[in-house]
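Taking the hints into account, I'd like the entire structure generated from these sequences.
Chains Z and Y, in that order, give the protein sequences.
Under our numbering, the residues of the first sequence are numbered 1 to 298, in order.
Under our numbering, the residues of the second sequence are numbered 299 to 535, in order.
A few of these clues could be false.
[What the hints assert, rightly or not] Simulated restraints on C-beta separations:
1) Y:Ser411 with Z:Leu246: 48 to 58 Å
2) Y:Ser411 with Z:Val214: 12 to 22 Å
3) Z:Gly201 with Y:Ser411: 22 to 32 Å
4) Z:Lys295 with Y:Ile498: 38 to 48 Å
5) Y:Arg413 with Z:Leu276: 33 to 43 Å
6) Y:Glu430 with Z:Ile291: 32 to 42 Å
It should be emphasised that the hints constitute simulated quantities derived from the structure, not laboratory data.
Please read all numbers here as calculations on a predicted model, not as lab measurements.
Here a beta-carbon is modelled for each residue, glycine too, at the ideal position from N, C-alpha and C.
Each chain, letter by letter, is given below.
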Amino acid sequence: MLLDFALPAHDRKLIPEGRLSGPMPWVIAIMLFLTLLVAAAGLTLADAAQKGGQDLSRQVTVQIIETDPVERANKRAEVTRYLRKFDGVTSVKPVSDTEVRKLLEPVLGVDILDADVPVPALVDIRLNQAPSASTLGSLRSSLRRVAPDVRLDPHSSWMAPFYRLMNVLLWLAGTVFLLLLVATSAVVILAVRSTLNTHRGTIEIMHLMGGTDVQAARLFQRRVALDALLGGFVGFCAAAFIMVTLGNQFAAAEPSLLSGVAFPLYGWVILALIPLAVTALAMLMARFTVISALKKML
Amino acid sequence: MQSVVEFDNVGLRYGTGAETLTDLSFTLFPGSFYFMTGASGAGKTSLLKLLYLAHRPSRGAIRMFGQDAITLPRNRLPGFRRRIGVVFQDFRLVPHLSTFDNIALPLRIAGISERELRGPVTEMLAWIGLTERADARPAMLSGGEQQRVAIARAVIGRPEILVADEPTGNVDPEMALRLLQLFAALNKLGTTVVVATHDIHLLQEVEGAQMMQLDKGRLSDPTGSLRHPPKPLILKN
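This is the structure we're talking about:
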């Protein structure tokens, strides 16, 4: 069907191709601009969720509850040593008291911390894979032999609501993307019907001279394909400009806030394919619209 | 002799109105020349539409080229239509195509290559005297010139049947005669020609031509035994 795009020059003249004069390329450009932005947002979210999710789901914080500072330091050292030998643990990072205090200062205030409030000792560990409940259970019981008041906080548990939100946003992006594709298809169908009405006389003449429905459909497919390609190119350029500008803004922002949020390289390939896919979709819609309309003629 | 067209008790009705054509039964033979006459509204154009497969009849049977044209599947219609040349009363030239492209249209639709069609189209342009206007669009042509282009377009593909609705209505008598000679030449090559006309003087110009006379949607000779014009009696009618 896509080969129908290549028509001899004289056949192209049958339906005048006023590409820049009609609104169709510009409507497609706007629709594709929005579609590409939604797709880019979705791809960024998906990439961030996947990277962050993989990373965080393998992290666990070990808390050692001990009021005596000396004993707490001893237990932290002992737990650290024990964890370094534990099968499946890829990295162990004890968190110093100073770092813990820094973390708690914004919540509890300096005065309370200075009043010698007992804070837990923390050890951040990273596993070779996301721990299952049984892995956590066995790790917990092993650690309790070293430090009875130990607690395990898998990061995946407190990040779960955030990733649920990410998932909802991804679904939303997907839905908006599909709706925009449906709207683009509707625009194509309306434009083809309008052009068909404008050139009904020419099509009837072609029919009466033995032209087939497919011959007539090819004329429209070509016209729609050119409009969609032009619109797609303009839409892609506009979307790419916005994305590059936004990317620079993100890069200039506080890294810790937006770490891991970046448009993936493979996303550009997907974005470049979307206008081509929309062109193919538009040609398909044009073909079906014309052929179904012509079937009503004898 | 095998017929090219057979009408058997054909009727045509538009919507729910009265029949425009009623009980038409006749046979057209290959290589014959027919004039179709009748008053305005007698049904000439409707009958021509049935002949060039623009409509299907409301009742009756039509056989064309030895096959039932009524039950013909839609996808086989283009093949049949390519065997029929049509000159429309209102010319129906494609407005944004040049004279050359309008004449070449049936050949292009039939898939003839540009190299092959250039010669015949150029020759046809010369024959109708429009070589100088090859690049002109229909809007730039006079009524008579448009009519010549419409005729050239209809005959360029050497159709087996040529159907012409008032083909000489807008041309001067000399050009009318030349066009009629073109039809007669095609006829001699085996094309069945059906010309609807008000101009009864034309009937005298083609030797051996037969006449179909329509009156209020019926053939005045319902047996289909078409008479040889011209006859004084017919001319007076």
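Structure-based check of each hint:
no. : hint                               : result
1   : Y:Ser411 with Z:Leu246: 48 to 58 Å : holds, 53 Å
2   : Y:Ser411 with Z:Val214: 12 to 22 Å : holds, 19 Å
3   : Z:Gly201 with Y:Ser411: 22 to 32 Å : holds, 27 Å
4   : Z:Lys295 with Y:Ile498: 38 to 48 Å : holds, 42 Å
5   : Y:Arg413 with Z:Leu276: 33 to 43 Å : holds, 34 Å
6   : Y:Glu430 with Z:Ile291: 32 to 42 Å : holds, 40 Å
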